[in-house]
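Produce the complete structure using the sequences and hints provided.
2 protein chains.
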Amino acid sequence: MKIAIAQLNYHIGNFEQNTAKIIAHIGKAKAEGADIVVFTELSVTGYYPHDLLERKEFIEQSDEALNQIALHCDGIAAVVGGPRINPEPRGKKLFNSAFFMYDKAIQHVVNKSLLPTYDIFDEYRHFEPNKSFSVFDFKGHKIAITICEDLWDEQETQNEFGREKLYQLSPLKELSALNPDLVINISASPFSFNQENFRKNILVKNAIKYELPIVYANQVGAHTELIFDGGSVYLNKKGEIQEELKYFEEDFRVFETESPVQNLQPKTDYIEKIYHALVLGIRDYFTKMGFKKATLGLSGGIDSALVAVLAVRALGNENVRVLLMPSRYSSDHSVEDALQLARNLNIQHEIIPIQTMVDSFEHSLSETFKNLKSDITEENIQARTRGILLMAISNKFGNILLNTTNKSECAVGYGTLYGDMNGGLSILGDVYKTDIFKMCRWINRDVEIIPVNTILKPPSAELRPDQKDTDSLPDYDILDQILFDYIELNLSPAEIIAKGFDEYTVLRTVKMVNNNEYKRFQAPPILRISSKAFGFGRRMPLVARYS
Amino acid sequence: MKIAIAQLNYHIGNFEQNTAKIIAHIGKAKAEGADIVVFTELSVTGYYPHDLLERKEFIEQSDEALNQIALHCDGIAAVVGGPRINPEPRGKKLFNSAFFMYDKAIQHVVNKSLLPTYDIFDEYRHFEPNKSFSVFDFKGHKIAITICEDLWDEQETQNEFGREKLYQLSPLKELSALNPDLVINISASPFSFNQENFRKNILVKNAIKYELPIVYANQVGAHTELIFDGGSVYLNKKGEIQEELKYFEEDFRVFETESPVQNLQPKTDYIEKIYHALVLGIRDYFTKMGFKKATLGLSGGIDSALVAVLAVRALGNENVRVLLMPSRYSSDHSVEDALQLARNLNIQHEIIPIQTMVDSFEHSLSETFKNLKSDITEENIQARTRGILLMAISNKFGNILLNTTNKSECAVGYGTLYGDMNGGLSILGDVYKTDIFKMCRWINRDVEIIPVNTILKPPSAELRPDQKDTDSLPDYDILDQILFDYIELNLSPAEIIAKGFDEYTVLRTVKMVNNNEYKRFQAPPILRISSKAFGFGRRMPLVARYS
Numbered sequence: 073m074k075i076a077i078a079q080l081n082y083h084i085g086n087f088e089q090n091t092a093k094i095i096a097h098i099g100k101a102k103a104e105g106a107d108i109v110v111f112t113e114l115s116v117t118g119y120y121p122h123d124l125l126e127r128k129e130f131i132e133q134s135d136e137a138l139n140q141i142a143l144h145c146d147g148i149a150a151v152v153g154g155p156r157i158n159p160e161p162r163g164k165k166l167f168n169s170a171f172f173m174y175d176k177a178i179q180h181v182v183n184k185s186l187l188p189t190y191d192i193f194d195e196y197r198h199f200e201p202n203k204s205f206s207v208f209d210f211k212g213h214k215i216a217i218t219i220c221e222d223l224w225d226e227q228e229t230q231n232e233f234g235r236e237k238l239y240q241l242s243p244l245k246e247l248s249a250l251n252p253d254l255v256i257n258i259s260a261s262p263f264s265f266n267q268e269n270f271r272k273n274i275l276v277k278n279a280i281k282y283e284l285p286i287v288y289a290n291q292v293g294a295h296t297e298l299i300f301d302g303g304s305v306y307l308n309k310k311g312e313i314q315e316e317l318k319y320f321e322e323d324f325r326v327f328e329t330e331s332p333v334q335n336l337q338p339k340t341d342y343i344e345k346i347y348h349a350l351v352l353g354i355r356d357y358f359t360k361m362g363f364k365k366a367t368l369g370l371s372g373g374i375d376s377a378l379v380a381v382l383a384v385r386a387l388g389n390e391n392v393r394v395l396l397m398p399s400r401y402s403s404d405h406s407v408e409d410a411l412q413l414a415r416n417l418n419i420q421h422e423i424i425p426i427q428t429m430v431d432s433f434e435h436s437l438s439e440t441f442k443n444l445k446s447d448i449t450e451e452n453i454q455a456r457t458r459g460i461l462l463m464a465i466s467n468k469f470g471n472i473l474l475n476t477t478n479k480s481e482c483a484v485g486y487g488t489l490y491g492d493m494n495g496g497l498s499i500l501g502d503v504y505k506t507d508i509f510k511m512c513r514w515i516n517r518d519v520e521i522i523p524v525n526t527i528l529k530p531p532s533a534e535l536r537p538d539q540k541d542t543d544s545l546p547d548y549d550i551l552d553q554i555l556f557d558y559i560e561l562n563l564s565p566a567e568i569i570a571k572g573f574d575e576y577t578v579l580r581t582v583k584m585v586n587n588n589e590y591k592r593f594q595a596p597p598i599l600r601i602s603s604k605a606f607g608f609g610r611r612m613p614l615v616a617r618y619s
Numbered sequence: 073m074k075i076a077i078a079q080l081n082y083h084i085g086n087f088e089q090n091t092a093k094i095i096a097h098i099g100k101a102k103a104e105g106a107d108i109v110v111f112t113e114l115s116v117t118g119y120y121p122h123d124l125l126e127r128k129e130f131i132e133q134s135d136e137a138l139n140q141i142a143l144h145c146d147g148i149a150a151v152v153g154g155p156r157i158n159p160e161p162r163g164k165k166l167f168n169s170a171f172f173m174y175d176k177a178i179q180h181v182v183n184k185s186l187l188p189t190y191d192i193f194d195e196y197r198h199f200e201p202n203k204s205f206s207v208f209d210f211k212g213h214k215i216a217i218t219i220c221e222d223l224w225d226e227q228e229t230q231n232e233f234g235r236e237k238l239y240q241l242s243p244l245k246e247l248s249a250l251n252p253d254l255v256i257n258i259s260a261s262p263f264s265f266n267q268e269n270f271r272k273n274i275l276v277k278n279a280i281k282y283e284l285p286i287v288y289a290n291q292v293g294a295h296t297e298l299i300f301d302g303g304s305v306y307l308n309k310k311g312e313i314q315e316e317l318k319y320f321e322e323d324f325r326v327f328e329t330e331s332p333v334q335n336l337q338p339k340t341d342y343i344e345k346i347y348h349a350l351v352l353g354i355r356d357y358f359t360k361m362g363f364k365k366a367t368l369g370l371s372g373g374i375d376s377a378l379v380a381v382l383a384v385r386a387l388g389n390e391n392v393r394v395l396l397m398p399s400r401y402s403s404d405h406s407v408e409d410a411l412q413l414a415r416n417l418n419i420q421h422e423i424i425p426i427q428t429m430v431d432s433f434e435h436s437l438s439e440t441f442k443n444l445k446s447d448i449t450e451e452n453i454q455a456r457t458r459g460i461l462l463m464a465i466s467n468k469f470g471n472i473l474l475n476t477t478n479k480s481e482c483a484v485g486y487g488t489l490y491g492d493m494n495g496g497l498s499i500l501g502d503v504y505k506t507d508i509f510k511m512c513r514w515i516n517r518d519v520e521i522i523p524v525n526t527i528l529k530p531p532s533a534e535l536r537p538d539q540k541d542t543d544s545l546p547d548y549d550i551l552d553q554i555l556f557d558y559i560e561l562n563l564s565p566a567e568i569i570a571k572g573f574d575e576y577t578v579l580r581t582v583k584m585v586n587n588n589e590y591k592r593f594q595a596p597p598i599l600r601i602s603s604k605a606f607g608f609g610r611r612m613p614l615v616a617r618y619s
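In the order they appear, the protein sequences are chains W and G.
Numbering of the first sequence is given in this note's numbering, commencing with residue 73 and proceeding in unit increments.
Numbering of the second sequence is given in this note's numbering, commencing with residue 73 and proceeding in unit increments.
None of these hints come from the bench; they were simulated from the model.
Hints are not guaranteed to be accurate.
Given that identical chains are not distinguished, each listed pair holds provided it fits within a single copy or across any two copies.
[As the list claims (entries may be wrong)] In silico DSSO-like cross-links for lysine-lysine, where the CA-CA straight-line distance does not exceed 27 Å:
(1) K128 with K339
(2) K309 with K529
(3) K203 with K309
(4) K102 with K540
(5) K272 with K245
The structure displayed is predicted, hence computed values, not measured ones.
If you want it as structure tokens, here you go:
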């Protein structure tokens, strides 16, 4: 049988564009002789529409789009993902469904059984789980359709509590009892650099265990925080990957299920993957919001330098405008490094020193603050003055402000709310400082784009004389390991200490993370590249006593 | 039988304090001769701990606390809520449980069946639903224990889609088949002014339908956004409310199940209820975060006036410090009204005019903005300058900034991000402007606390000459009705227009709401007093096309 996988980039709620894209690829697949073209999970709406699923007009538009798409399935079948109203009087009002279309009509509907409701996933909020299973015949083949998490029943929960399996049910076990010839899985599985092989392993294990070939079609493209990396595959029943589609871009492939040819993607380092993920994340945020131009503050430090490079790569140098805002604590080096980067990237830049505005605030507050010594207040006034200037550029010229906070400082609260924490989108809020160094070196592998001094000098916020990050934080190589254990691995402080880290450093770090939930509550959305990013996938109470 | 209901205010994760409180009330109930003392849902942890439930050390502390509490159940039984590790190898790792303690040990554990996973509820994220039912004997009575939502199986979903029931299962129907004499329900049901009778009706219906008396114990106190209003009740099997505990404060009551006496709470208007809810919300945020002092900007307008009154009521006038920050567009009236209020409330206040700082920004940006006309940018610079000053007070003196944005402007994005949207907690973000007027009049019912001119003058942001809110927004009495239909009732624009509202006004309002998801994403946590507040309970995608 000839299968087409359409790995496309959808826009949530943009039924017109999503429908047109799907119909165009049905035509393309038909032209190339495919029997079935497979789209991804909730393709008609884009994944994930969140509470738009609770709006009647949204579901009506989705139904209309699905019916329109079905009319184009003439001489070819398509598997399209979308929500479906639950016809039963009890239970959640929707299913997360796959529509098998043929002969200009929807012939079969399969509903998702395993509804991920953890981390960034909220599916049980909107969908009723399926509990009955069936396969159907198409051109002499018995087809079993599954949706994303349905293949993940083997998944273990987090390592605590000695749990075995997250789910009660195994959809593929149920389906395999019905003797299918082929399994189709439509997915929307987001990228995380530290689970890169996990997804493939799940697919390989399933193919081998049930001796079934699997067509796995995954969404590509970014929706605010979530970045979907594509990488759709076809595995034969021995679990060998026979076809592998591109990562971080749209792709379309037609193949014979019985073909021995392997079309695989080249292996890349995790730093390079994160780089491509972030570029896609920026580009899709702008494209899908209808924006073109970005701005950011360039301090001469490594974080803002990296964001500038990523923004130029995503949006083009003509669409990136930077502001240098030196204070009396900025070193000459910093301004020079920032200027050099702006010249290297050939981006619009200007210098607005902040001292007169800072003086103006300090003067106006002099009576109120009389006899009080200088502290974090004055540091924050500097950061917030920069925040106002950047937002003024943003408001006046329509350039969206990119936030440059990294994950390490976001974790410990080393940043000023309404100051350097400003921005429409946080580019590096899920990237640890140590990985930022690695990425900058990788960017400079052939040509020095980021001034080497920016990479080599000790990190500093430059908010008081001779300040260094290490004055208040552990060295980043230690800090980042502790943070990873606490945040990504969810280890307890005692467990982290037992791994050999200094007790005082661990407890202080954990306390900083816990004490700064309130700051992160108001942070911009963060491009997610790890298995546990700050934001929607990590829901911590503010008013709580953390032990 | 003699029952005690302990309606207490817990602190999430504060096992020491929660445990001490529970043990003290076991002692009190025993002293008053109660057979059973009933605490509320997840009492030992506080409701709701969110992803703290994923941390092993959190569950270990909870287990320890439960065991410690059980040791005090000597000659009295207690029903205490807490998480419990799922002993089965498959499924979510925890149950949301009720522990029946007697003879110094946990005698029975009942797990929650219906796990609310909608609006602000996320329970299926952490808990496995119970599917088996049993009752047990205690002192010759057959007791059935249920947990909060377990009694809500009759609940209908939102009115769209013609759905009937949200749940497949009816726990009380299952339990009633086992012939219990008494139903105990431990709850954590948050306040919303427009569902005030809904909860009582559910209880009455259940008591009548199954001819069973119900002990309903509800949590009181606020956890960041969520305000729990208490109002625990005991209903006899005819569905008559025999005992009703206080609203918005801790209460403790011991009563005979067969007693004819009715101890009911006085009826109050919804505006008064919201007032008490907000005061509790502020007080608990401060107490539980370990803060004492608040600050806010007083503009002379009605929103900041109301927040000042609420803050004084919650924290005491000695803990509230206000800043007047007039610009060249502030009317004399505004300053005078703000001063009068500060005098009426006897709170610390000072005046810092913002013009010199605004001038400093405009001067520094003059080259960049050369030949460009004044627009929203300059208005935002004023609002953000005020934001910096307030945060400077907050940083220097440790006063937490209270946000004064109301629900109407939060909905349509009529506010400046990093300016007047700043604050640790939004006090009025779930209160429509029309209700703010009502509340101010109610506050002034005996004495003019809020200057009457503040209430009577047309609302204005005073960011340009002679500006009025109605220059860019519909009249608030129209706007608020449209917003309520769109947000609380989830009606489509077509349905709102069909109710008789002007089409252009409806479409423009809905568009403003949709276009400002990005602003609300970075707003402070909002005290929730309605059935649909902005924030955690309303999850809308940012990068989406809204039709």
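Violated hints, by number in ascending order, as checked against the structure: Those not satisfied are hints 1, 2, 4.
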